[in-house]
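Asker: Produce the complete structure using the sequences and hints provided.
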Amino acid sequence: MNMNATLILQSIAMMVFVWFCMKFLWPPLLKAMDERRAKIADGLAASDRAEKALAEANQEVEQQIKEARDKAGEIVEQANQRHGQILDQAKDDAVDERQRQVAAGEAEITQSANQAREELRATVASLAVLGARQILEREVDEKTHRELLDKLIAEI
Amino acid sequence: MSSGSEAPTSGEYIQHHLQNLTFGQHPDGTWGIAHGAQEAAAMGFWSFHVDTLAWSLFLGLAFFMMFRSVAKKANSGVPSRFQAAIEFIVEFVDTSVKESFHGTSRLIAPLALTLFVWIFFMNLMDLLPVDWLPWVATSAGISYQKIVPTTDVNATLGMAIAVFVLIIIYSIRYKGVSGFLGELVFNPLNPKELGMPKVVWPLVMAFNFILEIVSLLAKPVSLGLRLFGNMYAGELIFILIALIFAAGSGFVGAGLSSIFGEHIPAWFWIAATVAVFATLWLNLKGKLDNKKTLWLLLAELLLVGGLAFLGGQLMHFGWAVFHIIIITLQAFIFMMLTIVYLSMATEHH
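Read top to bottom, the protein sequences are chains F and X.
Just so we're aligned, residue 0 is where the first sequence starts under numbering that gives the first Met the number 0, counting upward by one.
Just so we're aligned, residue 0 is where the second sequence starts under numbering that gives the first Met the number 0, counting upward by one.
If you're looking for bench data, these hints aren't it; they were derived computationally from the structure.
It should be emphasised that the depicted structure is a prediction, and the values quoted were computed from it without experimental measurement.
A few of these clues could be false.
To be verified - Taking lysine-lysine pairs in the BS3-like style, the calculated list, with each CA pair at most 25 Å apart, reads:
id: 1; chain 1: X; residue 1: Lys-174; chain 2: X; residue 2: Lys-97
id: 2; chain 1: X; residue 1: Lys-72; chain 2: F; residue 2: Lys-22
id: 3; chain 1: X; residue 1: Lys-71; chain 2: F; residue 2: Lys-22
id: 4; chain 1: F; residue 1: Lys-30; chain 2: X; residue 2: Lys-72
id: 5; chain 1: X; residue 1: Lys-284; chain 2: X; residue 2: Lys-218
id: 6; chain 1: X; residue 1: Lys-97; chain 2: F; residue 2: Lys-22
id: 7; chain 1: X; residue 1: Lys-97; chain 2: X; residue 2: Lys-218
id: 8; chain 1: F; residue 1: Lys-38; chain 2: X; residue 2: Lys-174
id: 9; chain 1: F; residue 1: Lys-30; chain 2: X; residue 2: Lys-71
id: 10; chain 1: X; residue 1: Lys-197; chain 2: X; residue 2: Lys-218
id: 11; chain 1: F; residue 1: Lys-30; chain 2: X; residue 2: Lys-97
id: 12; chain 1: X; residue 1: Lys-72; chain 2: F; residue 2: Lys-38
id: 13; chain 1: F; residue 1: Lys-51; chain 2: F; residue 2: Lys-38
id: 14; chain 1: X; residue 1: Lys-97; chain 2: F; residue 2: Lys-38
id: 15; chain 1: F; residue 1: Lys-51; chain 2: F; residue 2: Lys-65
Answerer: If you want it as structure tokens, here you go:
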């Protein structure tokens, strides 16, 4: 352990290194660190704000969903009513149509029957005349017995 | 393990390890490197420990380059891992300074950072095996090499003196010359407040001055000697452990001597070192499992130097682990005390 001038040189070296550090190391490092700290603080604040905004948006969305649901319910209700109405209408229409068709059918049947009866009556009349003529060829004069014959035809 | 063909005795070995490479003026008037402790002592005060200065400058530059490489690219974006590590240290020092120094100073935080990292680096050299670099130096023709600057009292006291100068400067800056001198003579017994007669004032003031000057001077001395003492003692224990290696290779490793004769050739040690490193490397590469690695290491160490060598290895490892705490702690203590002393210098008692 011998003391010598190393002592002095070491002191000088230390001072120089401290000066280096003070000049070239400390300021940029601390600046970067402080800037990052500020950035992180900003980021955290922004995230807080975003969280709050998100909560608000969620609330609004819920509100809107609720409204939409109510509206949908209303629409379904209306649709159901309309459905009933349409069904009733259709039923009524069908009943009317049926009645109309039945009536038409009945009319046609009546008409056909009448027609057939007319035709039959005419045929029978002519057949009767024909038959009577053949039976009474000679004795019965159409002209003399006309009245009788008409009476007979009307009766048929 | 140094000079000549003969193996040195234990005493010589230790002494050789504790001798700095000294440059100075020989008694005959020429300047040069001292050969041996007597010559170094004969050089007197105006000589220099070249190894201490070179290593501390090298380590200081290493500190500067390391931090500068980060400081140049430092930005507020996402830091790289290395940048984060550096910033962690800076933050740590900054916090320590803010907690302990109750004033404003642009100098104090960089001072603390420089002291902490620089001293830590210098202490770290203690963990290198004591013979490695001195052996390299010897091979290169440099006969003495002490690679841990903080085991040189000149280095630690040199730094402490620089701190002491700062203490004086801060005291005068914050209290003025009269305030600073007043504190020296009116503490701890203040004759004015105690209402003493004017006649005894000089006596009390002289008494105060002696007390205060001792406590003032004790600051740099304790600062420097504490670091020096811890590192010197730690280094000495490493050297003693290394001696056990040497003893082991002659004592239990007799088998080796019977193969190689009196002197085990250097290539054997190199081969053994390479084998150990290769084993560890294979383990790290995942080619060897941990159990096999441990057995292989044990076998290699036993083969190389016998039980004593193995014991030396384990002791070296144990002490190195413990020493890691010491070197960090001592660097931290030096930094903290510097901060505290400078803080005291700025405050009025």
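Asker: Could you run down the list of hints and mark each one as holding or not?
Answerer: Going through the hints against the structure:
no., hint, result
1, X:Lys-174 to X:Lys-97, "holds (21 Å)"
2, X:Lys-72 to F:Lys-22, "holds (16 Å)"
3, X:Lys-71 to F:Lys-22, "holds (12 Å)"
4, F:Lys-30 to X:Lys-72, "holds (12 Å)"
5, X:Lys-284 to X:Lys-218, "violated (51 Å)"
6, X:Lys-97 to F:Lys-22, "holds (19 Å)"
7, X:Lys-97 to X:Lys-218, "holds (21 Å)"
8, F:Lys-38 to X:Lys-174, "violated (40 Å)"
9, F:Lys-30 to X:Lys-71, "holds (12 Å)"
10, X:Lys-197 to X:Lys-218, "violated (32 Å)"
11, F:Lys-30 to X:Lys-97, "holds (16 Å)"
12, X:Lys-72 to F:Lys-38, "holds (18 Å)"
13, F:Lys-51 to F:Lys-38, "holds (20 Å)"
14, X:Lys-97 to F:Lys-38, "holds (22 Å)"
15, F:Lys-51 to F:Lys-65, "holds (21 Å)"
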